[in-house]
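Below, each chain spelled out in residue letters.
There are 2 protein chains.
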Amino acid sequence: MKAYNFLENHFKEISIINQISDILGWDKEVIMPIGSLSARIEQSSYLIKLAHEKICSSLINEKITEALEDMSSLNDWQKANLLEIKKIFDDYASVDNSLMREYSSLRQECEMVWRSARKNKSFIEVKPYFAKLLLAVRKIAAVKADYFKVSPYQALVNEYDSNRKVEEIDSIFSELKNFLPQFIEKVRSTQGEKPKLGGYFPIELQQQLGIEIMKDFGFDFNKGRLDTSTHPFCGGIPHDIRLTTRYDENDAFIALQGIIHETGHALYEKNLPLEYAYQPVGRNLGMAIHESQSLLTEMQIGRSDEFVEYLIPKLIKYFSVDKTKFSQDNIAKYVKYVEPSFIRVDADEVTYPLHVIMRYELEKQLIGGDLEVGDLPAAWNDYFRQTIGLTPDHDALGVLQDTHWYSGIFGYFPSYTLGAVTAAQLMNSIKKVIPEMNEQIRRGDLKPIYDWLKMNIHSKGKLFSSDQLLVNSTGESLNPRYFTEYLESKYVHG
Amino acid sequence: MKAYNFLENHFKEISIINQISDILGWDKEVIMPIGSLSARIEQSSYLIKLAHEKICSSLINEKITEALEDMSSLNDWQKANLLEIKKIFDDYASVDNSLMREYSSLRQECEMVWRSARKNKSFIEVKPYFAKLLLAVRKIAAVKADYFKVSPYQALVNEYDSNRKVEEIDSIFSELKNFLPQFIEKVRSTQGEKPKLGGYFPIELQQQLGIEIMKDFGFDFNKGRLDTSTHPFCGGIPHDIRLTTRYDENDAFIALQGIIHETGHALYEKNLPLEYAYQPVGRNLGMAIHESQSLLTEMQIGRSDEFVEYLIPKLIKYFSVDKTKFSQDNIAKYVKYVEPSFIRVDADEVTYPLHVIMRYELEKQLIGGDLEVGDLPAAWNDYFRQTIGLTPDHDALGVLQDTHWYSGIFGYFPSYTLGAVTAAQLMNSIKKVIPEMNEQIRRGDLKPIYDWLKMNIHSKGKLFSSDQLLVNSTGESLNPRYFTEYLESKYVHG
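Chains S and B supply the protein sequences, listed in that same order. Counting in my numbering, the first sequence runs from 1 upward without gaps. Counting in my numbering, the second sequence runs from 1 upward without gaps.
Just chain S, same shape as in the assembly (with noise of 0.2 Å):
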């Protein structure tokens, strides 16, 4: 045990420097002025360096291998918080650190022209930038590939969803290819115009709708915030969750559904097993799990006929709107509205796969090889036009739209869609369990879906890997049939 205690109280404060880093990073984007940006670069390069040495040492390393000899005094949690804590060394050990640091500045350069260059609507502006980093990013993927034994593509995914392995990522997507382009045509004959809603929401009435409808989910005010950024997100730490959404006083919408998208993720971060807050088996699963708790939450619940029921009152409340506008009908119609549009982030969750699916191929060319920068906006237009059927007018409502890649993120994109399929996997499961459930949401009644994920999902950290979390809680491994059956039933049946 004596090794094995080490290593928790050493990785307590690698927590601890983690949270502060968090809690700067989420000050950086909602508070910070932007002319002390270089000030807080320091810090937070300060911060990456410090955890980077703590971890990456021969006494760690020695330490890790006296406690995997010693492994049968240790329970279910602190075998499972030894694995990860090798998992976390092996990942850091695996690369140079004046690699990881020349990536480091390479992605904080990149995505400061990124936003300039999107501004600009001018690939062109970041295209050597970007050159740089993608040549960073390969490196690192291949000598982690080396290490851990997996394609470099792999090894890249790996940081977002430890378990799943690209050939699943491959034949799920393959099944949502087929059935996607087609349903969409079949909803889209059938829905109609999408309702004209207006009205007018002030900002201020908008929060105090969110703070409300948060509430009701169980968020805890007294362990976290709502607060205002150009892109809604999640962050904070698992005692101080903050939320951050944007607003439009002519859609109420919003602001509303980037509220509950990220409510799903504050949850789960809420739920995950304070005894190990402290601890690397304590935090959540990655990034697929995570969005599964923000889809299920937006898409399962948020735009369901029954939510539609329980919110229509409150926005009468909050909102002087046109009562005939505002009818269950319409409601429901106007958050269900499928409709292929150019950017990812404002997709409907019909046609949202597929704008993952083509990230994701291209992204697996661009770190095979395949695919060089020069030919990446020719190939995202080609591909976009294909598959959803629309050309973008120039780069911003393409290929320059998301940050990822200009941050030096590859691998992440599956995490979308894979949170979607496992959402809809749960929400099968719960239905089951909680036959009332319909009924309970039109109460905003929410307290026994959360219960339900608190047990199964939330309050297990990284304890299982995220098949075998499914395989607990649903009888069967990650299977894309839920997601069709679902869009089925709420698109065409609903």
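Hint data in this document are derived by calculation from the structure and do not stem from the laboratory. Mixed in with the good hints there might be a few duds.
In this list, chains with the same sequence are indistinguishable; a pair is considered to hold if it fits within one copy or across any two.
Said to hold, decoys possible - List time: in silico BS3-like cross-link candidates among lysine-lysine, alpha-carbon distance up to 27 Å:
hint, residue 1, residue 2
1, Lys314, Lys431
2, Lys323, Lys186
3, Lys28, Lys49
Computed from a predicted model, the values in this text were never measured in an experiment.
Please arrange chain B on chain S, whose structure you already have, making use of the hints.
Leaving out everything else, chain B in the frame of chain S:
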């Protein structure tokens, strides 16, 4: 140079750690939900421990010795920086780490209990915690006294104004104690009734006015912010200065005077030498000089007749007020009104020094062992009755009003009045250099004053002692004559 350069790099790291602490400290007061206090304490304590480890090492001690032997190769800034580094090292090395940890946990505990004790107006509640904390402070003062060969109280004062002798403070305060009571009588016998202003001041408009005025003073919102907190303060870091104030919808002057005061602090921080932003020599000279900047800004400028002339059109622009009440005479009288009261932070500038001198004398007795915790409330009330002529109804109006002692802070209080005295001396010099100053204030043209302060005070960082800085900029050491003359001219002849 090699040892010195090593120390510069090392203390840059420490400075980054301190900057991170400062951002977390601001966040705690302004943003953080109370439920995450324990996590924040973990984070802050970790950063304190980290800085401590980085400072207190035998390697640093060796490098300091080595650099001191090679001082002739350094320029004046580097020499002063090295001496500051030595001072920091000695300050940390003088106290045993276990005693510091005991102090740190006692002060956090006592401060928490004090908050509720003040709410409940009950000194008894906090008494045992405060007694334990005071014992730890006495121990720290004793070991520092021994290490630095000064008296225990002097050792504590040195943390806030490192070259100010207790004997000088005694002499300055005794002059003020002789002067003020009769002076207050004189002012009060002629000033008449306090004007009643009335009016309603929406918070959002108060914020807009505050921002406009901050800009006129030279505050840079590209590198700073204005927010709200229970107690106004100036936090953040040199590149990111964050003021707070508090608002009362029935009195615009509460927020405004808070803003102007904190802007004085902010401009000092902003104008510190940026090339030494990450070195000890580039930081502020301690609390007495810091308060001189806030009081010069709030009192000497912000409550002058000329500033009132600048302010009134703005008040009329932002708020619908009764213009006959918002006249030059009325507002000037309102902001200069002298009236003994219980709460130090709300006191006028004439009675304020009496609040400070009382705390100074009591805390000297507490540290010296001449006064025990159980006798403190009675000692406070007796003293207050004798010097200010009022008896607090309960301890929240008396001994419980300030956080300092319950946070383990002793030796800080004299800074407020030393700051006021310094401000008067500086202003006396500025008036000689800028004869048209009053006319400039009327127009809101404050740049010449702050250019002088930047050149003579702010940009010098810790290059000189506070007294040397005064000699350089005003021709003499700290002299209370300028303060009493200023009061005479403003409140009797004004």
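Here is how each hint holds up against the structure:
1. Only within a single protomer do Lys314 and Lys431 lie at most 27 Å apart by alpha-carbon distance; the minimum there is 26 Å, versus 62 Å between protomers.
2. Taking CA atoms no more than 27 Å apart as the test, Lys323 paired with Lys186 passes in neither setting, with 30 Å inside one copy and 69 Å between copies.
3. In this assembly of identical chains, the alpha carbons of Lys28 and Lys49 lie at most 27 Å apart whether taken from the same copy (19 Å) or from different copies (25 Å).
In the structure shown, a violation is registered for the earlier hint numbered 2 alone.
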